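Peer 1: Protein chains in written order, with my numbering: chain R, 1 to 317; chain H, 1 to 130.
The set of hints was computed from the structure by calculation and includes no laboratory data.
It should be emphasised that the depicted structure is a prediction, and the values quoted were computed from it without experimental measurement.
Only true hints are included.
Chain R side only, calculated, beta carbon under 10 Å to chain H, not exhaustive:
1) ARG17
2) GLY134
3) HIS138
4) PHE178
5) SER183
6) ALA206
7) ALA209
8) TYR210
9) MET214
10) GLU265
11) LEU266
12) PHE268
13) GLY269
14) GLY273
15) LYS279
Covered stretches of chain H, as calculated for chain R (at least 3 residues, CB under 8 Å):
16) 32-39
17) 52-58
18) 65-79
Just so you know, even glycine gets a beta-carbon here, dropped at the ideal spot from N, CA and C.
Each chain, letter by letter, is given below.
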Amino acid sequence: MADKEVTKTQEMIYELRVREVMTRKVIAVASATPMGELRGILRDNRISGTPVVDDGNLVGIVSIEDFINWMSDGRPGCPVADRMTRQVRTIYDDEPLVQAVNKLERSGFGRLPVLERETCRLVGVITKGDIIGGLLKHLEVDYLNAERRGARSSHIFEDIIADRSLLRLEYQVRGADFSRAGSSASGLKTSLGRLGIDPQITRRVAIAAYEAEMNLVVFTEGGRIRAEVEPGLIRLVVEDSGPGIPDVEQAMEPGFSTAPDWVRELGFGAGMGLPNIQKCSDRMRLDSTVGKGTRLEVEVLMEHRDDAERLSEGTGA
Amino acid sequence: MKLDEISKVLEAQWLSDRTGCHDRIGAEVLSCHASDLMSDVLTSSGEGSLLLTGLTNAQVIRVAEVADFVAVCFVRGKKPQPETLQLAGERGIPVLVTPLSMYDACGRLYVKGLPGGHGAKEIPSWRTRK
Chain R
1 MADKEVTKTQ EMIYELRVRE VMTRKVIAVA SATPMGELRG ILRDNRISGT
51 PVVDDGNLVG IVSIEDFINW MSDGRPGCPV ADRMTRQVRT IYDDEPLVQA
101 VNKLERSGFG RLPVLERETC RLVGVITKGD IIGGLLKHLE VDYLNAERRG
151 ARSSHIFEDI IADRSLLRLE YQVRGADFSR AGSSASGLKT SLGRLGIDPQ
201 ITRRVAIAAY EAEMNLVVFT EGGRIRAEVE PGLIRLVVED SGPGIPDVEQ
251 AMEPGFSTAP DWVRELGFGA GMGLPNIQKC SDRMRLDSTV GKGTRLEVEV
301 LMEHRDDAER LSEGTGA
Chain H
1 MKLDEISKVL EAQWLSDRTG CHDRIGAEVL SCHASDLMSD VLTSSGEGSL
51 LLTGLTNAQV IRVAEVADFV AVCFVRGKKP QPETLQLAGE RGIPVLVTPL
101 SMYDACGRLY VKGLPGGHGA KEIPSWRTRK
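Bound-form chain R, shown alone (with noise of 0.2 Å):
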């Protein structure tokens, strides 16, 4: 039963690619490069091996045995093709881990020249030390999500016992900081996500919280959005001072902007930001005056659902 369990280790090394592991800076010799000097070259970059190129294309290997060899044969003065291999075996680029792992393997070589396909030019080395190091780091990056995620304080409503509780995420948003703009709203959905919320409900305040961040940017001086996490809800409060709507009925119809037209090139700025706040939300209030500033307030709630419910959903009935 064990030996049909497929390990993480076994799956990576059929999705990485060599280019995701090999050495890119490649310590390449010229094939007219005196044998004498290949002692200095492998000691100084500590390596065993390098391959032999001239104008940049791979014309053989040489090796530290081949070297060895050549001391015995008592140091004639030869430049490096003579010593060296010129049946090289390669790999390219683009091909999955497990063939540069069988490649070396049968082959007995420490080191593959990695080539790109398109070119067949020289782009890197790929040694048994990069692809454990490049496996070791996937791993690593796996941990960590596994970890986060076990960091999760899921369901972390239901261990509180109080008649009220409330979790307050509290984010200042500056105006016509174009750059930073969304950035509450990506760590708003983040934070949502550790809490274990539904990623239905968190893609919906996420969205209606982009939606009013975009909207401090574009037209105030900035302003602050406060979400407020209770058992079955999700409140959004989005505050500026200024400068106010003066019709909210007109800027809640579908179409209507007054945005600039930097804001239109840069794909924004068509009218749907208010309608697709109230498309996201179950309840929505919007108070504004003038010269004073605006008050957005966008409930979002996350029911229990049975699960008949959420099939019949599904099902797109």
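Knowing the structure of chain R, use the given hints to seat chain H on it.
Peer 2: Here is chain H on its own, set in the frame of chain R:
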């Protein structure tokens, strides 16, 4: 359809470091949204969906993140600004670029059986009640 197949169909080039978006590379892409208007894109869920767009600013990545898109593909060979790629890297969202026009990219994916993303129709079902 997996992202690797999509990149072949679109003759697209990967702009992301594949290791950074490991999770999403294996994900099944079930539909596609194609738009240059992020306001419109945001009116529906991007879950299981690819976002095709000619816009290359960093907010495209924010939109993809917030609406749960699997990946973003830029059309007409437009290389995004460095901050767009950086943000995509941070948020683990795969980014591709295809030399095809929006129309051709859509057409190729459509004939391969990839349907359009749900339109505004889907929104009411997001609501928990009425």
